[in-house]
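Spelled out from the first residue to the last, the chains are:
There are 2 protein chains.
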Amino acid sequence: MTAKRQLHLNTNVTALGRHPAGWRLLNQPNAIVDLRFYQQIANVAERGKLDALFLSDAVALKGHARGPSQALEPTVLLTALAAHTTHLGLIATASSTYNDPFNLARRFSSVDHLTGGRVALNVVTTYDAAAAANFSLSRVPDKAERYARAREFVDVLAKLWDSWEDGALLADQDTGRYADPDRVHAIHHRGTYFQVDGPLNLPRSPQGRPVLIQAGSSEGGRELAAATADAVFTAQTTVEGGQRFYADIKGRARALGRNPEHIHILPGLFPVIGGTEAQARARKAEMDELIDWEAALAGFAQVLGVDADDLPLDRPLPYEKIAKVARGDQSQGFVDATLQLARADNLTVRELLDRNPGAHRIVIGTPEQVADTIETWFLQRAADGFNLNADVFPSGLEAVVDHVIPILQRRGLFRRDYEGTTLRDHFALPRPASQYAEA
Amino acid sequence: MTAKRQLHLNTNVTALGRHPAGWRLLNQPNAIVDLRFYQQIANVAERGKLDALFLSDAVALKGHARGPSQALEPTVLLTALAAHTTHLGLIATASSTYNDPFNLARRFSSVDHLTGGRVALNVVTTYDAAAAANFSLSRVPDKAERYARAREFVDVLAKLWDSWEDGALLADQDTGRYADPDRVHAIHHRGTYFQVDGPLNLPRSPQGRPVLIQAGSSEGGRELAAATADAVFTAQTTVEGGQRFYADIKGRARALGRNPEHIHILPGLFPVIGGTEAQARARKAEMDELIDWEAALAGFAQVLGVDADDLPLDRPLPYEKIAKVARGDQSQGFVDATLQLARADNLTVRELLDRNPGAHRIVIGTPEQVADTIETWFLQRAADGFNLNADVFPSGLEAVVDHVIPILQRRGLFRRDYEGTTLRDHFALPRPASQYAEA
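Protein sequences appear in the order of chains A and B. With my numbering, the residue at position 143 of the first sequence is 143, and numbering never jumps. With my numbering, the residue at position 232 of the second sequence is 1232, and numbering never jumps.
Because the hints were derived from the structure by calculation, they are not lab data. Hints are supplied without guarantee of correctness; some may be wrong.
Some, not all, of what chain A presents toward chain B, calculated at C-beta under 8 Å [as the list claims (entries may be wrong)]:
(1) His64
(2) His113
(3) Gly167
(4) Leu169
All C-beta atoms in this analysis are idealised placements derived from N, C-alpha and C, irrespective of residue type, glycine included.
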């Protein structure tokens, strides 16, 4: 199968938009719990033929509720959105540290059934201490342990998703045979973290297995991704950094005997779009006026693992202090991307916050300029596509769909219509056979 | 508040219908994973102005897949159904033994937001050994431990659901104030089973707290219900047994300082309806022809906690053996109800399976006869309402909605239309204030 390489684009709806003051410009102030807000976005995304809508997640309140963060649990929110869409893929984040594999396997399989095969699981290991304190743990498990558990967790998921072979549900009304016992398998998993007998109490789902995405950039995250993921989310601010990451993951996958075309590298991208570059800059400046700097700083300090007091707005980053923390349990990818950008141009904290929102590359300009960036990264193999962040919803996404997508379509880089119905179809990924099926 | 006492009726959709061969008469053989099957039922239930649709659940495959059992995870299935209904309450079962309270509190709160306040949690402690083997446990925790954990679990749920007071989400676009920190509370729970800091990462939901239902009939289950539940599901086969249970729970609630009108007793009821009693009996006989007796016996033996070999079809129950097991970890309510009925009429296993499906009272007859039973139990305070089981979907439920409900409405026992929009409204339950709100 050597089909033409395709560009993949998701919309990241987390926290009501990437710009920290974006929520102040919404037409639904309480959008964080309002299904209609998400429906509107899903409809725009589907109109743009995007691959999927993505929700990141956390299992603790972020930033003392000084601004929005993902609140509605992603699997139920995406299930609710499925009723209002027909093709759009639906990517939900869940933590392997704070879930049981049986429950999670079953819920994602259920959503896959309910959506006709449109769901993906973005599995994260969750580094923040506040999460541990919500799950009866006195400390966050260290990174090595989190990734060891994640690896076994993903292994158990695959076994459970495969435990009913395709066609095991007979539902034969004439003979009364409900299922074929020879095609329903106990999994008898005996591991370090989990002992799971199985089988799952649910027939195999439309995609066979929900699409699996991984978002860690540390050594453990890269190994997990190369071995198991269908796609990798990453924070990259330069083409060169993106190329290095891209080559690294594809190389690891190849070394493990996988087809590197079956693992997509999808960095985040944050476009702020105007009819002219000046208009785009004015749009951003107008939003920047509304930033609560104290809250922004608190959130940024939390990601870096330092105190807000360590980050005077108009001075450079305290590199040594951050480097020390970063070797601990923070998100390696975000910290690396942030330090790289800050060092390159010797930025102050304020300049950095301005140019590096969420450690993603920001592009402020015309639809052509945004399309150029996407094309460059794609053709130079720094990315197979992007998680697109909108500054404000729905206008930030509408600008992409109405003005950037048509350019990408004219350049032959992006689909003009969906060619299949499942997320595996959009991602051009094969549907895996059950590991328990006779060859 | 001394409003007229109202009858409450739910439809129990678990396992595609109560009759073990019901699935062989469906027009969608693979209904167990087909959203359209559930949509059709939800629409009929809402047309009948029923209080809610109920899904029981298990976290292990039942009966070796020889017949249907709940497969799709209830919270996501009910969320999908919400898009196709506007008023119907949605009751999902979940286990306190195999979930973390933070995750479950958040998911039910999310569904409550997404459904405009229509969700209930039926909390169970899960007695079957197969479940333990799916969650890395070498044995099922004993009943006392399961209920001690359940009690603390429910306590943590309430704290998390209350952790954002009503109105704590400001989303004030003019001032940039997103939330009121004085109305968002850490819960600092330190218990035997859980240590949870909180707050939940989600504003308070429309019902304040999702409706809480309990289904255990053992001493531990009754205590938990009396202290915390808004409604109790129970298996009762005689009016007298129902009255005893009813008086017991209401008495316990009163003794704990609760208003006994705010805890509804809802036994299961299994009507098989025909235009005449003879037609109803013929309908049942026709279905009975299709029963896979071996599978039925295997399922029954699993509930009783004995081997299928211990249950010859045409001999009485092995009471002593069952009594011994029943003091262990099986579902006390089902075993009690079953033994009570079998002893009263000295039934063989076959007769018992016939008259006691799922340990619920069966009524085979005309709509009048079914309505009479409902009225008798309601007026004699053996029940505040029922979980109605259908023999086959949709016809079993349509017979209730089209022929039984109108009789109950004419008798002034059941609503002619919904008077509110939330499940608390239908159940005539007050919306609780946050325990953290200043009085």
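Outcome of the hint check:
no., hint, in the structure
1, His64, "holds (7 Å)"
2, His113, "holds (5 Å)"
3, Gly167, "violated (11 Å)"
4, Leu169, "holds (6 Å)"
Hint check: a violation occurs at hint 3 only; the rest are consistent with the structure.
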